[in-house]
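Since the structure of chain P is provided, determine the placement of chain X on it from the hints.
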Amino acid sequence: MKILIIEDEYALLQTIEAFLLQEKFVVEKAADYNSACEKALIYDYDCILLDITLPGGNGLKILEEMKREGKVGNVIIISARNSLDDKIAGLDLGADDYLTKPFHLSELYARIKAVLRRKNLDNSLTQTFGNSIVYFKERSLLVNGENLKLNRKEFDMLGFFVTNRNRLVTKESLAEHVWGDNIDLADNFDFVYSQVKNLRKKLKTANSDIVIENIYGIGYKMTI
Amino acid sequence: MKLINYLILRITLFFTVVLLLWSGVYFILQMKEIHDGNDEGLTNLKQEFVLKANKIPHFVENMERNAPLNLIVKEISRKEAETIIENFNTTKIYFPTELEKEEVRMLTSAFHCTMNDKYYQIQFFTSTVESDDLLKNLLYLLLGLWIVLITTIFFVSRAILSQANKPFFSLLKNLKDFRLDSSKMIDFPETRIEEYVQLNEAVKELLDKNISVFTEQKQFIENISHELQTPLAIAVSKLEMLLEKHQTDKEQANEISVVLITLNRMKRLNINLLLLSKIRNRQFPAVSQVDLRKVLETVLADFEEIAEYKEITIETAGDTSLSLQMNEDLAQILFTNLVKNAITHNINGGKILLAYAENAITISNSGNAAITDIFNRYKSEKSSGIGLSIVKSIANLYGIKISYRFENDLHIFELKLK
Numbered sequence: 001m002k003i004l005i006i007e008d009e010y011a012l013l014q015t016i017e018a019f020l021l022q023e024k025f026v027v028e029k030a031a032d033y034n035s036a037c038e039k040a041l042i043y044d045y046d047c048i049l050l051d052i053t054l055p056g057g058n059g060l061k062i063l064e065e066m067k068r069e070g071k072v073g074n075v076i077i078i079s080a081r082n083s084l085d086d087k088i089a090g091l092d093l094g095a096d097d098y099l100t101k102p103f104h105l106s107e108l109y110a111r112i113k114a115v116l117r118r119k120n121l122d123n124s125l126t127q128t129f130g131n132s133i134v135y136f137k138e139r140s141l142l143v144n145g146e147n148l149k150l151n152r153k154e155f156d157m158l159g160f161f162v163t164n165r166n167r168l169v170t171k172e173s174l175a176e177h178v179w180g181d182n183i184d185l186a187d188n189f190d191f192v193y194s195q196v197k198n199l200r201k202k203l204k205t206a207n208s209d210i211v212i213e214n215i216y217g218i219g220y221k222m223t224i
Numbered sequence: 225m226k227l228i229n230y231l232i233l234r235i236t237l238f239f240t241v242v243l244l245l246w247s248g249v250y251f252i253l254q255m256k257e258i259h260d261g262n263d264e265g266l267t268n269l270k271q272e273f274v275l276k277a278n279k280i281p282h283f284v285e286n287m288e289r290n291a292p293l294n295l296i297v298k299e300i301s302r303k304e305a306e307t308i309i310e311n312f313n314t315t316k317i318y319f320p321t322e323l324e325k326e327e328v329r330m331l332t333s334a335f336h337c338t339m340n341d342k343y344y345q346i347q348f349f350t351s352t353v354e355s356d357d358l359l360k361n362l363l364y365l366l367l368g369l370w371i372v373l374i375t376t377i378f379f380v381s382r383a384i385l386s387q388a389n390k391p392f393f394s395l396l397k398n399l400k401d402f403r404l405d406s407s408k409m410i411d412f413p414e415t416r417i418e419e420y421v422q423l424n425e426a427v428k429e430l431l432d433k434n435i436s437v438f439t440e441q442k443q444f445i446e447n448i449s450h451e452l453q454t455p456l457a458i459a460v461s462k463l464e465m466l467l468e469k470h471q472t473d474k475e476q477a478n479e480i481s482v483v484l485i486t487l488n489r490m491k492r493l494n495i496n497l498l499l500l501s502k503i504r505n506r507q508f509p510a511v512s513q514v515d516l517r518k519v520l521e522t523v524l525a526d527f528e529e530i531a532e533y534k535e536i537t538i539e540t541a542g543d544t545s546l547s548l549q550m551n552e553d554l555a556q557i558l559f560t561n562l563v564k565n566a567i568t569h570n571i572n573g574g575k576i577l578l579a580y581a582e583n584a585i586t587i588s589n590s591g592n593a594a595i596t597d598i599f600n601r602y603k604s605e606k607s608s609g610i611g612l613s614i615v616k617s618i619a620n621l622y623g624i625k626i627s628y629r630f631e632n633d634l635h636i637f638e639l640k641l642k
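As they're listed, the protein sequences go chains P and X. Quick note: the first sequence uses this note's numbering, first residue 1, plus one each step. Quick note: the second sequence uses this note's numbering, first residue 225, plus one each step.
Chain P extracted, bound-state conformation (with noise of 0.2 Å):
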């Protein structure tokens, strides 16, 4: 998978490259406008994430250019500002996603591969564990041929813990990739670890070979 950094804050730029590294993309890199365009319009990316404040001019200019050269990007838009205009004219411009800096990079990670699922670029709509099947698109999950019932919540967090299976993953990103922003709760943790407690006493009952480790009281990891 090929995947194109537009980030002009160099120390942001190299934690993500190196993530994104660790999880086997080949990555580019791009600092300023005018680099990032040339990069976008001619060569062929899975995936842009970009920055829309950028030295050089506006990352959402960027969007309009590959609009016009039909470029396909499965473009991410990662910014600091939180505005719902920039929003709503990237999303109009044919980005994927929108995320708020800060994020945490299992979420980053979770939005690329989900571009990617949606996408079928990456044959990830269905993934096997063992005697586990997790499908995506149906958002369902069979355990030795049974459907295994998870209400919505439940799909969420087991999709989120697939997605960044063997990493961990803290409580905190849990919370906010399947509550949203909303989840501020300082008693939220207890709350969190209640509801990954039924999520795994489903999964076992089911004796499905998906486990979810905890990891001292800072979160959790997918192990098969």
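In case anyone wonders, no lab produced these hints; they're calculated from the structure. Incorrect hints may have been included.
[Said to hold, decoys possible] Output of the computed footprint for chain X on chain P, the stretches with three or more beta carbons under 8 Å from beta carbons of chain X:
id	stretch
1	5-17
2	36-43
3	89-103
Just so it is clear, the structure is predicted and the values come from calculations on it, not from any experiment. Beta carbons are placed, not taken as given, at the ideal position from N, Cα and C, and that holds for glycine.
Only chain X this time, still in chain P's reference frame:
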């Protein structure tokens, strides 16, 4: 006290004093003038009498015998005569015709009659203006004058003052309606009165300065909040990478986790600050007819699991549907914060009551004791407290009246639509 009443009262007092002084002086002068006239007549009478007494024999004796109405003649010794100094005075004499004592002006003198070489005391008197009457009349006149004067002053000054102060009151009214956060300069009334022109200029300058400082400050908060997002993003992502690397070391992982949680809190605070600033800057221009009941129910669905976890029961009363012309995202933020508040400050096994009525929504929740000035509760152990400030700002933006009260162990928030 109104300016106009203040002025009229002062003017009235002043004129009363002036009128009183003036009438005192007038009274004294008038009495003096009258007495001078009388005294002159009396002097002439006396001179004529003395002349005739010394020319006509037995004139004085005849006079004494006849006792005319305006004269008292009395024979005295030479010694006595020498002690009498000619003088005028005002006194009272009994008039049989009037059956009472009347005020008279009297000249007392003595003279030597050469005809019979005798000394006489003579007293001439003439009735004069009664000073009591004069005073009374003067008082009536004065009272009349005073009433006319004060009434005139009252109406004239009222008319003049209200006309002259028109620019002032119009400026005052405009200032009352002025709102700093709307950044809209008020209209200044036209005037030719120099003081008011200066007042207008001074007020304009003051407001201009305030608006620009306020705008700058708003912009500053927004810029800083934005600028903070990127460093936060770097810190969070770096730490997450670090956590990933050191996850086997429990102690280190826990330390990193604590830092991450702290940064997360900072992020939320920052986002809310930015939101608050944007609401106050009116940066949510898109409005549509929003079904508030529907929005609130959607929000409640988001919090379903948390409410369930805290064993909070949610009850709904009333079937009115309410809608308002507003920004839909702000409607959602408004209810999210209220519901979040109702859950956070609730007790385990508590309840939340929603009541829909004509033009009002009430959200009540069980919880511990009342909090004063709840909309400015910036700090509490459970939250940043900025949520209710956001609620208040959104309510203000759309003219929703929001009130809080603690009643029957319930925290009650009431939203009243206009």
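Looking back at the numbered hints, which does the structure fail to meet, lowest number first?
-> 2
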